[in-house]
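S.K.: Using the sequences and the accompanying hints, generate a full structural model.
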Amino acid sequence: MEATLAELCQVLEQHGMKPALQGDPSRCIRRVATLEDAAEGDVAFLSNPKYEKMLQATRATAVVLRPGVEAPPHVDLIRVDDPYAAITAFIVKLHGYRQHRRVPPDRMRTSIHETAQIGENATIHPGVAIDEHAVIGRDAIVYPGCYIGPRCRLGDNVLLYPNVVLYDDTIVGQRVTIHANTTIGEDGLGYAPVGGQWIKIPQIGHVEIEDDVEIGANCTIDRATLGRTRIGRGSKFSNLIAIGHGTQIGEHCLLVAQVGVAGSVTVGHHVTMAGQSGVVGHIRIGDHATIGAKAGVTNNVPEHETVLGAPAIPIRDMRRQIAHVAHLPELSQRIKTLEKEVAELRRQLAERAVEPR
Amino acid sequence: MEATLAELCQVLEQHGMKPALQGDPSRCIRRVATLEDAAEGDVAFLSNPKYEKMLQATRATAVVLRPGVEAPPHVDLIRVDDPYAAITAFIVKLHGYRQHRRVPPDRMRTSIHETAQIGENATIHPGVAIDEHAVIGRDAIVYPGCYIGPRCRLGDNVLLYPNVVLYDDTIVGQRVTIHANTTIGEDGLGYAPVGGQWIKIPQIGHVEIEDDVEIGANCTIDRATLGRTRIGRGSKFSNLIAIGHGTQIGEHCLLVAQVGVAGSVTVGHHVTMAGQSGVVGHIRIGDHATIGAKAGVTNNVPEHETVLGAPAIPIRDMRRQIAHVAHLPELSQRIKTLEKEVAELRRQLAERAVEPR
Amino acid sequence: MEATLAELCQVLEQHGMKPALQGDPSRCIRRVATLEDAAEGDVAFLSNPKYEKMLQATRATAVVLRPGVEAPPHVDLIRVDDPYAAITAFIVKLHGYRQHRRVPPDRMRTSIHETAQIGENATIHPGVAIDEHAVIGRDAIVYPGCYIGPRCRLGDNVLLYPNVVLYDDTIVGQRVTIHANTTIGEDGLGYAPVGGQWIKIPQIGHVEIEDDVEIGANCTIDRATLGRTRIGRGSKFSNLIAIGHGTQIGEHCLLVAQVGVAGSVTVGHHVTMAGQSGVVGHIRIGDHATIGAKAGVTNNVPEHETVLGAPAIPIRDMRRQIAHVAHLPELSQRIKTLEKEVAELRRQLAERAVEPR
Numbered sequence: 607m608e609a610t611l612a613e614l615c616q617v618l619e620q621h622g623m624k625p626a627l628q629g630d631p632s633r634c635i636r637r638v639a640t641l642e643d644a645a646e647g648d649v650a651f652l653s654n655p656k657y658e659k660m661l662q663a664t665r666a667t668a669v670v671l672r673p674g675v676e677a678p679p680h681v682d683l684i685r686v687d688d689p690y691a692a693i694t695a696f697i698v699k700l701h702g703y704r705q706h707r708r709v710p711p712d713r714m715r716t717s718i719h720e721t722a723q724i725g726e727n728a729t730i731h732p733g734v735a736i737d738e739h740a741v742i743g744r745d746a747i748v749y750p751g752c753y754i755g756p757r758c759r760l761g762d763n764v765l766l767y768p769n770v771v772l773y774d775d776t777i778v779g780q781r782v783t784i785h786a787n788t789t790i791g792e793d794g795l796g797y798a799p800v801g802g803q804w805i806k807i808p809q810i811g812h813v814e815i816e817d818d819v820e821i822g823a824n825c826t827i828d829r830a831t832l833g834r835t836r837i838g839r840g841s842k843f844s845n846l847i848a849i850g851h852g853t854q855i856g857e858h859c860l861l862v863a864q865v866g867v868a869g870s871v872t873v874g875h876h877v878t879m880a881g882q883s884g885v886v887g888h889i890r891i892g893d894h895a896t897i898g899a900k901a902g903v904t905n906n907v908p909e910h911e912t913v914l915g916a917p918a919i920p921i922r923d924m925r926r927q928i929a930h931v932a933h934l935p936e937l938s939q940r941i942k943t944l945e946k947e948v949a950e951l952r953r954q955l956a957e958r959a960v961e962p963r
Numbered sequence: 607m608e609a610t611l612a613e614l615c616q617v618l619e620q621h622g623m624k625p626a627l628q629g630d631p632s633r634c635i636r637r638v639a640t641l642e643d644a645a646e647g648d649v650a651f652l653s654n655p656k657y658e659k660m661l662q663a664t665r666a667t668a669v670v671l672r673p674g675v676e677a678p679p680h681v682d683l684i685r686v687d688d689p690y691a692a693i694t695a696f697i698v699k700l701h702g703y704r705q706h707r708r709v710p711p712d713r714m715r716t717s718i719h720e721t722a723q724i725g726e727n728a729t730i731h732p733g734v735a736i737d738e739h740a741v742i743g744r745d746a747i748v749y750p751g752c753y754i755g756p757r758c759r760l761g762d763n764v765l766l767y768p769n770v771v772l773y774d775d776t777i778v779g780q781r782v783t784i785h786a787n788t789t790i791g792e793d794g795l796g797y798a799p800v801g802g803q804w805i806k807i808p809q810i811g812h813v814e815i816e817d818d819v820e821i822g823a824n825c826t827i828d829r830a831t832l833g834r835t836r837i838g839r840g841s842k843f844s845n846l847i848a849i850g851h852g853t854q855i856g857e858h859c860l861l862v863a864q865v866g867v868a869g870s871v872t873v874g875h876h877v878t879m880a881g882q883s884g885v886v887g888h889i890r891i892g893d894h895a896t897i898g899a900k901a902g903v904t905n906n907v908p909e910h911e912t913v914l915g916a917p918a919i920p921i922r923d924m925r926r927q928i929a930h931v932a933h934l935p936e937l938s939q940r941i942k943t944l945e946k947e948v949a950e951l952r953r954q955l956a957e958r959a960v961e962p963r
Numbered sequence: 607m608e609a610t611l612a613e614l615c616q617v618l619e620q621h622g623m624k625p626a627l628q629g630d631p632s633r634c635i636r637r638v639a640t641l642e643d644a645a646e647g648d649v650a651f652l653s654n655p656k657y658e659k660m661l662q663a664t665r666a667t668a669v670v671l672r673p674g675v676e677a678p679p680h681v682d683l684i685r686v687d688d689p690y691a692a693i694t695a696f697i698v699k700l701h702g703y704r705q706h707r708r709v710p711p712d713r714m715r716t717s718i719h720e721t722a723q724i725g726e727n728a729t730i731h732p733g734v735a736i737d738e739h740a741v742i743g744r745d746a747i748v749y750p751g752c753y754i755g756p757r758c759r760l761g762d763n764v765l766l767y768p769n770v771v772l773y774d775d776t777i778v779g780q781r782v783t784i785h786a787n788t789t790i791g792e793d794g795l796g797y798a799p800v801g802g803q804w805i806k807i808p809q810i811g812h813v814e815i816e817d818d819v820e821i822g823a824n825c826t827i828d829r830a831t832l833g834r835t836r837i838g839r840g841s842k843f844s845n846l847i848a849i850g851h852g853t854q855i856g857e858h859c860l861l862v863a864q865v866g867v868a869g870s871v872t873v874g875h876h877v878t879m880a881g882q883s884g885v886v887g888h889i890r891i892g893d894h895a896t897i898g899a900k901a902g903v904t905n906n907v908p909e910h911e912t913v914l915g916a917p918a919i920p921i922r923d924m925r926r927q928i929a930h931v932a933h934l935p936e937l938s939q940r941i942k943t944l945e946k947e948v949a950e951l952r953r954q955l956a957e958r959a960v961e962p963r
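Listed in order, the protein sequences are those of chains L, F and U.
Just so you know, we're using this note's numbering here: the first sequence kicks off at 607 and counts up by one.
Just so you know, we're using this note's numbering here: the second sequence kicks off at 607 and counts up by one.
Just so you know, we're using this note's numbering here: the third sequence kicks off at 607 and counts up by one.
Certain hints may be false.
[Said to hold, decoys possible] Cut-off 25 Å, straight-line C-alpha distance, at most; resulting in silico cross-link-like pairs (BS3-like, lysine-lysine):
1) U/K806 / F/K942
2) U/K942 / F/K942
3) F/K946 / L/K946
4) F/K699 / F/K806
5) F/K942 / L/K942
6) F/K624 / L/K806
7) L/K942 / F/K946
8) U/K624 / F/K946
9) L/K806 / L/K699
10) L/K946 / F/K942
11) U/K659 / L/K942
12) L/K946 / U/K946
13) F/K806 / U/K624
14) U/K942 / L/K942
15) U/K942 / F/K946
16) U/K806 / L/K624
17) U/K806 / F/K806
18) F/K699 / L/K806
19) L/K946 / U/K942
The hints are simulated quantities; they were obtained by calculation from the structure and are not laboratory data.
M.R.: The structure is reproduced here in structure tokens:
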């Protein structure tokens, strides 16, 4: 799809932005690209000041940038307060979301149990297995190699990429997307030690994923031992994330790649967990908290707090600690100097003591 | 299944526990639940004192708890020394382990090589591929999308969840469970540097998984370059765990999610490795050792030792270090004070020196 | 295949090595094994001096080792400067790389879209799905359960192990190997925050994997939001690695298990990243740099630098810091001593001041 600069500005206005166009409103734009890759007919954007020097050399037809940033005369400009939000709207307008091929019912070579129910207009690709009493909503798309276990209930417009595995009794809300090779509802590490061996505790809970969640590729979300593991509405996960049994993730959280949350953790809403961070079991992370990259959280985190380090502490304290540790060689030197000076003072004082008056 | 409180107490006695029942022995219990979720007909449990306050509000019919813990009059009580072990026995009694649907032979739409051997009463779900000369034991269950490579040998009662991949020559013992999307026997990172490029070393070893092991979802266990990578009898793995080539994991170990063990490591028996911990190659972890969460182990760990930190050191030393680092700002302040005081002493002494006598 | 010691020495000479044989050139060798596992007819090797004591007890017929290392008389010896390179050549000679079973075209039960093109002599195993307009080169091998999305382009001699998923538009070069359950081209964590919710940004870029790359099992490589995520020629990945959207990995890099690289990172060539290390977004890692195990890289890393720690700093500085932190208890004690001494000096000086002259 293509659009003129005038039409693109209208799109921004519809999103509540106030674009200022410097250039030809009838100019035609066909594609969104980076400053570096852009060619004739493309719109690019500048959000991070680090990349300002790329403006001079860009071959983009138009660039989205903040008011006040200097720009060369050879490109048309759309100035907005939030170039990143603007470019997002342009990608939706010009490129749209991924379109999924529909498979006609007579060509679906799948293994669907006779007690399973498939909603209207759903596409079940070849090589999908759907087990007893599973229910799948309208307009769902299930890619090859997925397995949907007994009694799973999936809402409308669910999208499962290839090889997603949902264990028995998993509940998935409306408009949920799960990426390839992710496993939902496997048994957690639930064993009782008996005579030096580990005896398996049946894991009779389940997983519930609420509406509008997106889960990345190769993640694992344990079913609860009892009750449920819950991923709250609108939360988004990257890849290779592990969620332990019985953990509750709130609404609109953002979990970056390789995050691990142990069992029985309660995470509030709008929490951000950066890459490779981890949380021990049975604690509580407050709403709007931020867990820094690689942090190891061992205690409750209050609302709106940002923590860092392992064990994690408030980020201002961790930054101070890091600075102090970096100065340790110097500190050590100062102590050595002090020791010499004190020894010298002691010597002088001792000398004085024996001086004849 | 349901049971009376008297029958449940009998179950505990069969496991060597000594339950004391306070309540009506004929009361009927149908389900195990958490204190929070429990309803009429449910048995709940209190093990962690943190949750004691939930006792007052629970709607459970009965609660398992330790002798001496105060409880409200509205619930029947089963008092035992280890409530967690008791509730495990109740889950087995009332709910049992997951039942797997059997597929009648004439409905198995699989791709089994003609030289493969499938044991009596095994269920091979649709969409499974079993390669040349693979052997699968009696009563095995292999879910859709699994791949069992050439010459693999699987014991009786093996359970493979969907999309498990076993590379060629993998040996799997009796009663082993492997969860979805796990890969066993892939080539490890074995390359020789030749003229600035990495030349692949054929990985001609294999993986051997002993009896009663359970491996979580989305794990990867490298085959050995030569010889074998071994997972010892009764060990249990959580999810997203990486085991390097030629590593030996002993018996009855417990590995939590996202643990990584490099190649040629020897891990003893009854070792616990907490979440996101890692071990470098070519070292030895002693029996009954514990590796703390996020620890980075770079040296041998003696038997029964607990280590923490990166690089990992004994936990008591690491705790002392953490405390000392936390006091660094104060330490730095004390040094500043000392420097002022020493300067002042020096000044006074110098003054004295020139004082007329 | 088997070979005499004389023939094995010829192999080494063909690779530019200068082997010195001590023993019977006509001795027949059938297998490569470790010193520990070796039996009659096997060649073993000693590279790491740590394992020298195993030489005495080995039952190998021949051992490869460095000049000058003492050895028992009962084994034949091949002495070379680089025993590891020599044994690699022997594994290739005696065992070779994995051979893949070919499936005759009339037995391929796959789901290949009519617009897809499959190269000459390619083996597509049962249960593979190949989507619209995908192109696969000559001699490719695609194992069961793989999914190749719309418009993917795969070169000649590509090898995909079971359940690999390639999203739409992924480009894969010649002689690329991808291990089981790996996902390439999934959407990255690209959302714009709008009114407290996360709005998905269409991810319209793709992934490009250059010639001779090998990717381990259960990895995830995000497609770019715009443009491409690139894995450079000859780079080798272990398992459970996450690469963020738009990141560029250079040529001949080595990434160990569980490494995570965030989005928009530029990694040079011949970079090594050790296990569980992580890199934040939008930075640059220079050529030949080494990232230590578990390091958390938050700033650009110059060429040839080795960094360690989180936040990562040059390894010599990190080692010094670790040593200083380990000495903190002693440092603290020295400050306490200084404080006492200074107090004593002050007391003495004060006493002196009031002394009668």
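S.K.: Hints first: check each against the structure and report whether it holds.
M.R.: Each hint, compared with the structure:
1. U/K806 / F/K942: Between U/K806 and F/K942 the Cα gap is close to 53 Å, so the pair fails against 25 Å, i.e. violated.
2. U/K942 / F/K942: Answer holds: U/K942 to F/K942 is near 13 Å, not above 25 Å.
3. F/K946 / L/K946: Between F/K946 and L/K946 the Cα gap is close to 15 Å, so the pair holds against 25 Å.
4. F/K699 / F/K806: Since the Cα atoms of F/K699 and F/K806 sit roughly 52 Å apart, the hinted pair is violated (cutoff 25 Å).
5. F/K942 / L/K942: With Cα atoms ~13 Å apart, F/K942 and L/K942 stay inside 25 Å; holds.
6. F/K624 / L/K806: 21 Å, holds
7. L/K942 / F/K946: Given pair L/K942, F/K946 holds - Cα atoms ~15 Å apart, limit 25 Å.
8. U/K624 / F/K946: Violated: U/K624 and F/K946 sit about 68 Å apart, past 25 Å.
9. L/K806 / L/K699: 52 Å, violated
10. L/K946 / F/K942: 16 Å, holds
11. U/K659 / L/K942: 45 Å, violated
12. L/K946 / U/K946: 15 Å, holds
13. F/K806 / U/K624: Status holds; Cα separation ~21 Å.
14. U/K942 / L/K942: 13 Å, holds
15. U/K942 / F/K946: Given pair U/K942, F/K946 holds - Cα atoms ~16 Å apart, limit 25 Å.
16. U/K806 / L/K624: OK: U/K806 and L/K624 at ~22 Å, within 25 Å.
17. U/K806 / F/K806: 40 Å, violated
18. F/K699 / L/K806: Cα-Cα ~13 Å, so holds.
19. L/K946 / U/K942: 15 Å, holds
When held up to the earlier numbered hints, the structure conflicts with 1, 4, 8, 9, 11, 17 and fits the remainder.
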